[in-house]
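Peer 1: Build out the structure end to end from the sequences listed, making use of the hints.
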Amino acid sequence: MSRSMTSGRAIERRLVLQFLGAGVAALELAAGLESSAQGAEEMPEWPMRAFAQKDEARALQALYGAAIEPSDEIALEVPLIAENLASVPVSVTISLRDVTSISILVPQHAVALAASYCIPEGTEPSVSCHLRMAKTGDVVAVVQSAGRLYGARKRVKVTRGGYAG
Amino acid sequence: MASTIRIRAVAGADATMVQSLIEHPMESGFAARADGTPIAPHYIEVLTFECNGKVVFTAFWGPAVAKDPYLKFSFKRARKGDELRVRWVDNKGKRGSATARIL
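The listed protein sequences correspond, in order, to chains E and L.
For the first sequence, the positions run 1 to 165 when my numbering is used.
For the second sequence, the positions run 1 to 103 when my numbering is used.
Hints are computed from structural coordinates only; laboratory data are not their basis.
Careful, some of the hints might be misleading.
Said to hold, decoys possible - The list that follows gives simulated cross-link-like pairs (lysine to aspartate or glutamate, EDC-like), each with its CA atoms no further than 20 Å apart:
1) Lys92/L / Glu41/E
2) Lys157/E / Glu41/E
3) Lys92/L / Glu23/L
4) Lys76/L / Asp138/E
5) Lys54/E / Glu27/L
6) Lys154/E / Asp138/E
7) Lys54/L / Glu77/E
8) Lys94/L / Glu42/E
9) Lys80/L / Glu124/E
10) Lys92/L / Glu42/E
11) Lys135/E / Glu77/E
12) Lys72/L / Glu124/E
13) Lys94/L / Glu27/L
These figures come from a predicted structure and were not determined experimentally.
Peer 2: Take a look at the structure:
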């Protein structure tokens, strides 16, 4: 497969295969746990208060200090039906300008906020990751753009065993 | 055992697409073992990507992020051969890092 033909999904699948040790990686990396002085380098502060909220609105208030307005400029991609509760792919792509932050919430969870991403200037307003879900419920994408807060939500149906059809 | 980090960063015409996979249990703290004893939370809280001396992406994660977390994003103004550095710290203070060259 040539690189130009390699779709994001194919790369993702390949990464997973490599991760499982099933492939030879064509990548350079030097990984390991840090034990040197470098390990003590400053990391940004984790927003503890936002991750302590059970409620979606409170989590957003703690994180952004604002409420969301719905927007159709946010493309939130989730599976209609999730087959694997332990790993539900979530993708957010935004066509708004000046996006500085993207957050993903799963309001049904005991901790509503699942992930929050900082988008500096020069980084595209798009992110994909995998989340856990316990049962059927909404996934909410929240985007901060030019100081305002926008949101989009989609329902993910969870099936336990059996057919996902 | 040291946690492994897989990074694939490919420079495109417009932006560099980054995909990463970090080996980490990402225990939520809400799960229990078969005998009912709770499993302590253990998850990555902060993850940063740096390229050419600039932070290009920061992730704050909570307990809902899946095990061995996958991430995909894209950023501009990097070239093939540039170095991308990823660092993480989890709720137990454990850290990891890796560097990859952009393909």
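Peer 1: Check each numbered hint against the structure and report the violated ones by number, ascending.
Peer 2: 2, 4 and 7
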